[in-house]
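Asks: 138 is the number that my numbering gives to position 131 of the sequence shown; each next residue is one higher, with no gaps.
Derived from the structure by calculation, the hints contain no laboratory data.
As a list, the in silico SDA-like pairs of lysine to any residue whose alpha-carbon atoms are at most 25 Å apart: (1) Lys105 x Thr119; (2) Lys181 x Ala116; (3) Lys169 x Ala197; (4) Lys226 x Ser72; (5) Lys190 x Tyr99; (6) Lys206 x Leu45; (7) Lys190 x Ile40.
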Amino acid sequence: MLELENLGFWCDPVARGGPENMAVDSWLLTQEIPVLRLYHWKGPWGSMGYFGEVEKAGTLLPEVSLVRRATGGGLVDHRNDITYTLVVPRTYGLAKVKGVESYRLIHSALATALESSGHGVELVRHDYDVDSSSCFEKPVEWDLINGQGEKIAGAGQRRTRKGLLHQGSILLRKSADGSLILKRLAHELARNVSPVDLKPSGESFTELVRQFAADSWQKRR
Numbered sequence: 008m009l010e011l012e013n014l015g016f017w018c019d020p021v022a023r024g025g026p027e028n029m030a031v032d033s034w035l036l037t038q039e040i041p042v043l044r045l046y047h048w049k050g051p052w053g054s055m056g057y058f059g060e061v062e063k064a065g066t067l068l069p070e071v072s073l074v075r076r077a078t079g080g081g082l083v084d085h086r087n088d089i090t091y092t093l094v095v096p097r098t099y100g101l102a103k104v105k106g107v108e109s110y111r112l113i114h115s116a117l118a119t120a121l122e123s124s125g126h127g128v129e130l131v132r133h134d135y136d137v138d139s140s141s142c143f144e145k146p147v148e149w150d151l152i153n154g155q156g157e158k159i160a161g162a163g164q165r166r167t168r169k170g171l172l173h174q175g176s177i178l179l180r181k182s183a184d185g186s187l188i189l190k191r192l193a194h195e196l197a198r199n200v201s202p203v204d205l206k207p208s209g210e211s212f213t214e215l216v217r218q219f220a221a222d223s224w225q226k227r228r
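Working from the sequences, and respecting the hints, build out all of it.
Replies: See below:
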């Protein structure tokens, strides 16, 4: 495991709309500090991966508002999930390894955190041959499934010159304490974990919100 020396754990207390949540994650990447963020949604939202088709997504989730992520992956309904983001600056080993390896390492740590929280999970060893745009209907290698074979955790990743952006979603059948699970994940990922209280602001952040809300972003192909 490419353990981080230090990691900030941010339980974001502000419920935000889709474009603002995506803007916060992109803003975090510019700060060049390792952060694990747990966050919430203001109203019913879903998100689609960078390469998702907005028309198809709207057909599959007609009852929610949609936002396009900067990361890959499938369509996610966020009404009942635990949503989190891990940001790792480019100077850290976890940001330097290949995508499939960083995905495996992060989800292996998440599996341990879930197991210690009373949720039995298993790492998927291969992509499932399922024709679906929905993230939780199509497990891929190193996703997490439960004892019934149902996918319960997936993510999308993006690498930039600033580092690694990992946007994840956890969907559990029974009620769960998201903050406890994510705190345990933080301690699996890093030697030293400290709570942080971040406040995205400024014109650059406002511009990021505008970008994620713009039709040119939402409807891009």
